[in-house]
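Could you put the whole structure together from the sequences, leaning on the hints where they help?
2 protein chains.
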Amino acid sequence: MMETAAIKSGFGRLYLIPTPLSKTGGNTSLPEATLEITRSIRHFAVENIRQAASFLQWIQHPVPEFEVQFFPLSKRTSELQLQEYVTLLLNGTDLGVLTDAGCPGVADPGADLVKQAHRFGITVVPLTGPASPILALMGLGLGGQKFAFEGYLPAKAEARATVLRALETRSAQTGSTELFMETPFRNLETLKAAAGLLRMDTSLGVAANLTSPDELIVMCEVSEWQRRKMPDIHKIPSIFGLKAAQDAGLENRLKRKAVKKKFSG
Amino acid sequence: MMETAAIKSGFGRLYLIPTPLSKTGGNTSLPEATLEITRSIRHFAVENIRQAASFLQWIQHPVPEFEVQFFPLSKRTSELQLQEYVTLLLNGTDLGVLTDAGCPGVADPGADLVKQAHRFGITVVPLTGPASPILALMGLGLGGQKFAFEGYLPAKAEARATVLRALETRSAQTGSTELFMETPFRNLETLKAAAGLLRMDTSLGVAANLTSPDELIVMCEVSEWQRRKMPDIHKIPSIFGLKAAQDAGLENRLKRKAVKKKFSG
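Chains as they are written, first to last, in the numbering used here: chain A, 19 to 283; chain B, 19 to 283.
None of these hints come from the bench; they were simulated from the model. Incorrect hints may appear among the rest.
[Stated by the list, open to error] Here are the computed lysine to aspartate or glutamate pairs in the DMTMM-like style, where the Cα-Cα straight-line distance is at most 20 angstroms:
hint, chain 1, residue 1, chain 2, residue 2
1, A, K41, B, D118
2, A, K164, B, D130
3, A, K164, B, E50
4, B, K164, A, D118
[Claimed, not checked] Derived Cβ-Cβ restraints for the label pairs, each shown as a range:
hint, chain 1, residue 1, chain 2, residue 2, range
5, B, S96, A, S96, 56 to 62 angstroms
6, A, E85, B, V81, 42 to 48 angstroms
7, A, T111, B, K93, 27 to 33 angstroms
8, B, Q264, A, G43, 20 to 26 angstroms
9, B, L98, A, M248, 29 to 35 angstroms
10, A, G44, B, G44, 18 to 24 angstroms
11, A, F84, B, Q264, 41 to 47 angstroms
[Stated by the list, open to error] To be clear about the criterion: a stretch of chain B counts as covered by chain A if any three or more of its residues have a C-beta under 8 angstroms from a C-beta of chain A, and this derived list gives those stretches:
hint, stretch
12, 122-129
13, 149-160
14, 164-177
15, 229-238
Backbone N, C-alpha and C define an ideal beta-carbon position, used for all residues, glycine too.
Below, the structure is given as C-alpha cells:
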C-alpha cells in the first residue's frame, strides 16, 4: 500500500545490515556509514544471537548488550513472529537485520521479513557491505553483463553432475556467468567433479576466503584444471563460477575443424 | 598458470575498485579499507578518465592528478592494449580498475582484463563497495537463495515482452528471483509494460536511486501495480526484480479451484 508521507514518517525503518565474511584482517568491507547506522539501532532480527552480539561488540555498539533486543530470524520463523516484528516497525521502532556473514536476504534469511515490510509501506534500507557472489563475480573475471547465482548444489554426485551440466548449457546458450556454492567440506570434491565433467573450453573458477588476508581466487579453463594442482579450499567458504564458450563460437570452431579436415585430408 | 610464491610476489596486483552509485549524500557505501588501498595506487584502468579523476579527488587521493596514470578500459579495448596493462602488472606495478559507478566487471567493463590477469597468475583483488543488483536483491525481499541478473532488457516492446515472460517462467519453475535493468529514460515504460503483461500474483519491484538520500524501493504483486500510482523513476538509475509464484503452487491453486467448483457447482 502506498502510504502518505505523513503516516509513513511515523514508521520505523527496516535496515538490512551486511556483516563481514571473514573474521581475520580487521574491517576490510564495512563502510563507516553502515557501522554508524548500525550503532544507532537497538532492535535486531538475527540469524544467531551469539554471533550478532559479538558483531555489535566488534563494531563498538554504544548500547550495552542487555539493553539491545534480539529477535530470532530464520527460515523457520513463523508468519506470526514476522508480523510481530512488523508491528514493532509500524509503531516507529527501527529494526536491523543481521545474518551470520554477508548480506541479509542473499543466500541468507531476511527476505520474508522484507516482503512483509513492503506490504505495509515500511521503508526498507539495504546497507552496503560484502556480498560473496558479487566479489566472486568481480574477481573471477567471467563477465557480469548477465549472471546467475544458483545457491547450493545438490549433495549427491549424480544430481550435482546434472545441475553442473545444466548450468554449463545455459551459459553456452545465453552467455551468462553461473555462480554456485557448496557446503565447505565438499568444496574440493565439487571442484574435481566440475573439472572432470565440464567441457574442456569452459572457464571454471573458485573464489575462497573472500575479503580475508588469505583470499584465493583462481580461474582457468577446464583443460588446465585437469593438469594443475587443486587449490587448498577444503572447508574454506568459497564461491564457484563457470562460463561456457558460446554455442555459436563452438559451432564455428566445429565448422572450421571440418573445413581444415577437408583440406588437409 | 600457477606461479611459485617467489615469482608471484614480484607481480603487481589487480584491484577492482567499486565507486559510488550516487553523488549525493556523502560516502555511504565505500569502506575505509577500499579507500585506503585506492589511495596507494597510481595506475588505473578506467571507463572514463574525467569521472575517474573526479572520484580520486573526492576520496582525497594523495598523488596529484598529473602524476596518476590513466589507461582506457571499455568493451572496445583491444587484446593488445589489455596485454600492455598485463605487462605493467607483470613488471610489479599495481593497477586499479575504476568504472563510472558500481563494481568493475558487474554490468560494467573489467572482466576481460581480469581474465587476462588470471592467465598469468596475477593476484586479483575485488574490493567491497556498492553493487546495485545486490542492494536491489536485499531491498526488494524477493529472496536470494537463487537469483539471476539479466542485464539490460531489449529496447523494442515486443522483444522486451518476450524476455519478461521468459524470466517469469524461469522464476516460476526454479524459484529464482530475476533482476534486470533498463536505460533510465525507459524505466517507467518498462515498469508499466511488466505490470501489464506479467501474471497477477507475480511479485514485481523496483529499487531506484540506491544508496542515495532519495532511495526508493517499492515491491508488490502485479495485481496491485495495476491499481497504484507509478513511482517517479523516470531517468533515475533503477534495478527491477520479479518473482513468480511457484508453478507447483499454481497447480495446487488450480486444483483447489477445480475441487471448489466441483463441490460448489
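Here is what the structure says about each hint:
no.	hint	result
1	A:K41 x B:D118	violated, 31 angstroms
2	A:K164 x B:D130	holds, 14 angstroms
3	A:K164 x B:E50	violated, 29 angstroms
4	B:K164 x A:D118	holds, 18 angstroms
5	B:S96 x A:S96: 56 to 62 angstroms	holds, 58 angstroms
6	A:E85 x B:V81: 42 to 48 angstroms	holds, 46 angstroms
7	A:T111 x B:K93: 27 to 33 angstroms	violated, 47 angstroms
8	B:Q264 x A:G43: 20 to 26 angstroms	violated, 41 angstroms
9	B:L98 x A:M248: 29 to 35 angstroms	holds, 33 angstroms
10	A:G44 x B:G44: 18 to 24 angstroms	holds, 23 angstroms
11	A:F84 x B:Q264: 41 to 47 angstroms	holds, 42 angstroms
12	122-129	holds (count 7)
13	149-160	holds (count 11)
14	164-177	holds (count 6)
15	229-238	holds (count 6)
Figure legend: structure checked against the earlier numbered hints; hints not met, in rising order: 1, 3, 7 and 8.
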